[in-house]
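Peer 1: As a plain string of letters, each chain reads:
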Amino acid sequence: MKKPLLYSFVLLIIYEVLLRIINIEWNTGQHQFNVNAIKVERMLIESDLPTKLLFGSSYSYRLNEDYWDTEILNVGLAGFSFLEGLELKDHFNIKADTILIEVNMLTRSLNHQFVDSYSSHLKMIDTQNAIPYPN
Amino acid sequence: MTLKTLYLTRTEYDPVGVFGNLLIDPITGKFLYKFKLILEDLFRSPQKNHVSKPINEDKTSTLEKLQEVWPLSARDSLLIQKRIELIKEYATNNHSEEIFLIDIPMNSKHYTSEKMQYIKNLTSEIARTTSNINFIPANDYSNYSTSDGSHLDRSSAIKYVRYLEKRLN
Chain W
1 MKKPLLYSFV LLIIYEVLLR IINIEWNTGQ HQFNVNAIKV ERMLIESDLP TKLLFGSSYS
61 YRLNEDYWDT EILNVGLAGF SFLEGLELKD HFNIKADTIL IEVNMLTRSL NHQFVDSYSS
121 HLKMIDTQNA IPYPN
Chain L
1 MTLKTLYLTR TEYDPVGVFG NLLIDPITGK FLYKFKLILE DLFRSPQKNH VSKPINEDKT
61 STLEKLQEVW PLSARDSLLI QKRIELIKEY ATNNHSEEIF LIDIPMNSKH YTSEKMQYIK
121 NLTSEIARTT SNINFIPAND YSNYSTSDGS HLDRSSAIKY VRYLEKRLN
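Going down the list, the protein sequences come from chains W and L. Numbering-wise (this note's numbering), the first sequence opens with residue 1 and increments by one. Numbering-wise (this note's numbering), the second sequence opens with residue 1 and increments by one.
It is worth saying that the hints were derived from the structure and are not from the lab. These numbers were taken from a predicted model, which means no experiment stands behind them. By construction, the Cβ of each residue, glycine as well, lies at the ideal position given by its N, Cα and C atoms. Treat each hint with caution, since some may be false.
Stated by the list, open to error - The calculated lysine-lysine pairs, modelled on DSSO-like cross-linking and capped at a C-alpha distance of 27 Å, are:
(1) Lys3(W) - Lys36(L)
(2) Lys36(L) - Lys52(W)
(3) Lys52(W) - Lys82(L)
(4) Lys95(W) - Lys166(L)
(5) Lys120(L) - Lys52(W)
What the hints assert, rightly or not - Distance windows between CB atoms, simulated:
(6) Ile21(W) - Arg128(L): 53 to 63 Å
(7) His95(L) - Ile45(W): 23 to 33 Å
(8) Leu19(W) - Glu85(L): 22 to 32 Å
(9) Leu19(W) - Leu39(L): 19 to 29 Å
(10) Asp48(W) - Leu39(L): 42 to 52 Å
(11) Glu89(L) - Leu12(W): 25 to 35 Å
In isolation and in its complexed conformation, chain W is listed as follows:
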């Protein structure tokens, strides 16, 4: 009874230490929402984005960027549809040459809560940056 707990405790500490010291080069998350968040934030934060963007649901989600020969940003969001990614792309005026839209999942509605969580947060940052420094 004590041994499994002790092993779990030691493994958790090793995992925690590894997470903090190793140079992570892969795209991963702890759960579905976390991966969705990473995908969206890459689109919103990174400066040199690929010119091809893919929007869709979990069907697109499976088309991992590593599988492509050409550079592409996969904004396939599990549990959602193309609407959330395209809405944020449009809202923040992100430039692209080619847009791929997955049409498998067209009956899902836009998740306003998800989209608003980014737009309101980033608007706040913009406003803060816009305040001039006092002379």
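We have chain W; now place chain L onto it with these hints.
Peer 2: Just chain L now, kept in the frame of chain W:
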């Protein structure tokens, strides 16, 4: 992805790390709450919740359940029309962008369902009438396999990406 982005993302959503989240739950703020849930899960009697079924029986029932979701209802057809109109509006407002509509292969029952046929018909129509919209239908969907009865498995996803890249070029 740059390390900086990953770091920012990780620290924003997981400021105290995995171990820290076990000590103080980030959602409820309770001390050792998640740890308590894990312990409860570990020591729960398996007979209470787990009902084992043969794999084949499980698969069939899942597929049947999924199939029930896909018939075309009046609400669905209206939603699909609205989405297609939205894509058209987006394409009209963004002339410089080339838009490709793709239908990703999935379970053959879904792919040949009434709903998917309706989507494909509307998508083909919009691609025919709008200059910067193209439609890339999936090639032979029966060549692909799924990992869960719906989503492509790794090898099929790679195969489909190759096909897609060929069509995009």
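Peer 1: Now tell me, hint by hint, if it's right for this structure.
Peer 2: Comparing the hints with the structure gives:
1. Lys3(W) - Lys36(L): Since the Cα atoms of Lys3(W) and Lys36(L) sit roughly 17 Å apart, the hinted pair holds (cutoff 27 Å).
2. Lys36(L) - Lys52(W): 45 Å, violated
3. Lys52(W) - Lys82(L): 25 Å, holds
4. Lys95(W) - Lys166(L): 23 Å, holds
5. Lys120(L) - Lys52(W): 23 Å, holds
6. Ile21(W) - Arg128(L): 53 to 63 Å: 56 Å, holds
7. His95(L) - Ile45(W): 23 to 33 Å: The hint (23 to 33 Å, Cβ to Cβ) holds, given that His95(L) and Ile45(W) are roughly 27 Å apart.
8. Leu19(W) - Glu85(L): 22 to 32 Å: Since the Cβ atoms of Leu19(W) and Glu85(L) sit about 45 Å apart, the hinted range of 22 to 32 Å is violated.
9. Leu19(W) - Leu39(L): 19 to 29 Å: 23 Å, holds
10. Asp48(W) - Leu39(L): 42 to 52 Å: Holds, since Asp48(W) and Leu39(L) (Cβ atoms, about 46 Å apart) stay within the stated range.
11. Glu89(L) - Leu12(W): 25 to 35 Å: 50 Å, violated
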